[in-house]
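Model the placement of chain B on the given structure of chain A, informed by the hints.
Protein chains in written order, with the working numbering: chain A, 1 to 281; chain B, 1 to 281.
Honestly, the hints are just simulated from the structure, not real lab data.
From a predicted model like this one, the values you see are computed outputs, not experimental measurements.
Hints should not be assumed to be uniformly reliable.
Because identical chains cannot be distinguished in the list, a pair is counted as satisfied if it fits within a single copy or across any two copies.
Derived BS3-like pairs: lysine-lysine, alpha-carbon spacing no greater than 25 Å straight-line [claimed, not checked]:
#1 K279 to K236
#2 K148 to K180
#3 K70 to K44
#4 K44 to K171
#5 K148 to K44
#6 K236 to K4
#7 K148 to K236
#8 K180 to K4
#9 K279 to K180
#10 K148 to K70
#11 K148 to K172
#12 K148 to K30
#13 K148 to K171
#14 K279 to K203
#15 K279 to K51
#16 K30 to K279
#17 K4 to K51
Protein chains: 2
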Amino acid sequence: MQLKNLTQHIINKNSFLCVGLDTELKRLPKHLQQQPNAVLQFNKAIIDATKDYCVSYKINTAFYEAMGAKGWDIMEATLHYIPATHFSIADAKRGDIGNTAAQYARTFFEVYPFDAVTVAPYMGEDSIRPFLEYNQKVTIVLGLTSNKGSEDFEQLIVQETGGNSGAYSQKKLYEKVIEKVANWGTTEQLMFVVGATKTVEMKQIRSIVPEHFFLVPGVGAQGGNLNEVADFGWNKNIGLLVNASRSIIYADDTENFQITAAAAAATYQLIMQQILSQKLL
Amino acid sequence: MQLKNLTQHIINKNSFLCVGLDTELKRLPKHLQQQPNAVLQFNKAIIDATKDYCVSYKINTAFYEAMGAKGWDIMEATLHYIPATHFSIADAKRGDIGNTAAQYARTFFEVYPFDAVTVAPYMGEDSIRPFLEYNQKVTIVLGLTSNKGSEDFEQLIVQETGGNSGAYSQKKLYEKVIEKVANWGTTEQLMFVVGATKTVEMKQIRSIVPEHFFLVPGVGAQGGNLNEVADFGWNKNIGLLVNASRSIIYADDTENFQITAAAAAATYQLIMQQILSQKLL
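Okay, chain A solo, but in the shape it has when bound (with noise of 0.2 Å):
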């Protein structure tokens, strides 16, 4: 799916939710360890159990390179098995200069044949290019993350050098990512992560990208409200896909595993399509 048909596909199925993949074995029902390709079984589970109340999938690719070799098998498996209707991440963080990000962008836009990746900034605009050179596909850059450790750095205030009268305005180093990264790419091709922990950064973010779609992570076992995201994320295209991995896969380790993640799907969704409704009016 393009990002382009996301906002009506939202509106179709009442619901922002994307759900996260973050499968790890020792984490399934324990009645499914034992089998053969638990964590395939486990991840098509989800989706029959997910797909009606979400749009979109995420797939943390830490998680199956982490099962070595047989992982990308797994990985590449469920990513077939994701509906064509739904908007597939590859939830990857790459970053690395011109000829290295290029392999990235193959890997994951060709090889394994995502909507979206998300790639780290760090290494600036050579780093990122590759992936725009994709224009059906959509890169996610970081922004601002839900985590504790986005004060360190992300959270720096930058000055602006240059211009001849010694004047400079000051930001913050995520709003600076956000505001330059936004110039390389149209809006059909570039999202940013905004953490769901984040809500007045959030408002600030709006501000700076009116247009962006957001991948909001932090929902759920991170703690971030869904609410206040919508009220600060809000844009005229919706703008906003809402990640929760967890709380909606791990909600259960007993053999209900796929009723109570539908259950935990659902409650998202129904919260979802009250914020549509009252912002849609």
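Leaving out everything else, chain B in the frame of chain A:
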């Protein structure tokens, strides 16, 4: 190999060269491209040809990921072919929140038992801590990279907040990153990436972290000068591991590629031997 043994290894080998295995099927010698397992064959041939001239190998994970699951098997077989006497680096530039970073650490320290992995700092302390929990392993954090894009964010001037006096110091982001990250682990656990094209800045970085080893990419294909790197980056433990990838492994695409790669590595080694003999007088 642990980092504390690297200095002695460099002295023994008269070399501080790391050979980067950024191996890509289409760039291999034509006669190899058609053969089964060409990439692994090539890597083994390059390791055989260069191991006397270098102390380390760096596997650029992007090139293996782009081959899909079988790429990870090739990476694993290559890793196991690297002599135990050589310092093995996964150039993966990972970075994510804590529970995800723990998966990445497990991938590159346990599932694939590299000596070291490169990590991106953008997301802060909790994205780096899980790597440092492996105290026999080495975490190599991006400082100042050799690419043009390093100007976009790494070189921004950041302002320290805090202090009642209103006084503040100004540093560049990469300086702040290096200064802060250096407090999170020991000099035997942490290294920094400092690009070879950034020799003036390298001198300044050396004053911030006088005791750390630097991984220095960007000589050869990217144009950095080895003598300048030694002048500005040297420390009492030598403190430099200089990587060359394309200028060695793709020095020749004929059937003589092994001899030419050996010669290219030997050329670096000879310059390094001269530098070592001067500096260790």
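Hints versus structure:
1. K279 to K236: within (10 Å within a copy, 63 Å between copies)
2. K148 to K180: both (24 Å within a copy, 15 Å between copies)
3. K70 to K44: Both: 16 Å inside a copy, 23 Å across copies.
4. K44 to K171: For K44 and K171, neither the intra-copy (44 Å) nor the inter-copy (49 Å) Cα distance is at most 25 Å.
5. K148 to K44: Answer is neither; intra-copy 32 Å and inter-copy 43 Å both fail.
6. K236 to K4: within (13 Å within a copy, 57 Å between copies)
7. K148 to K236: Intra 30 Å, inter 36 Å, cutoff 25 Å: neither.
8. K180 to K4: Within one copy only: 22 Å inside a chain, 41 Å across chains, cut-off 25 Å.
9. K279 to K180: neither (29 Å within a copy, 43 Å between copies)
10. K148 to K70: So K148 and K70 fail the 25 Å test inside a copy (33 Å) and across (36 Å) alike.
11. K148 to K172: The answer is both: 16 Å in one copy and 22 Å across copies each meet 25 Å.
12. K148 to K30: neither (32 Å within a copy, 50 Å between copies)
13. K148 to K171: both (19 Å within a copy, 22 Å between copies)
14. K279 to K203: within (16 Å within a copy, 55 Å between copies)
15. K279 to K51: Answer is within: at 23 Å inside a copy they meet the 25 Å cutoff, but 64 Å across does not.
16. K30 to K279: Close neither inside one copy (42 Å) nor across copies (60 Å); limit 25 Å.
17. K4 to K51: within (20 Å within a copy, 51 Å between copies)
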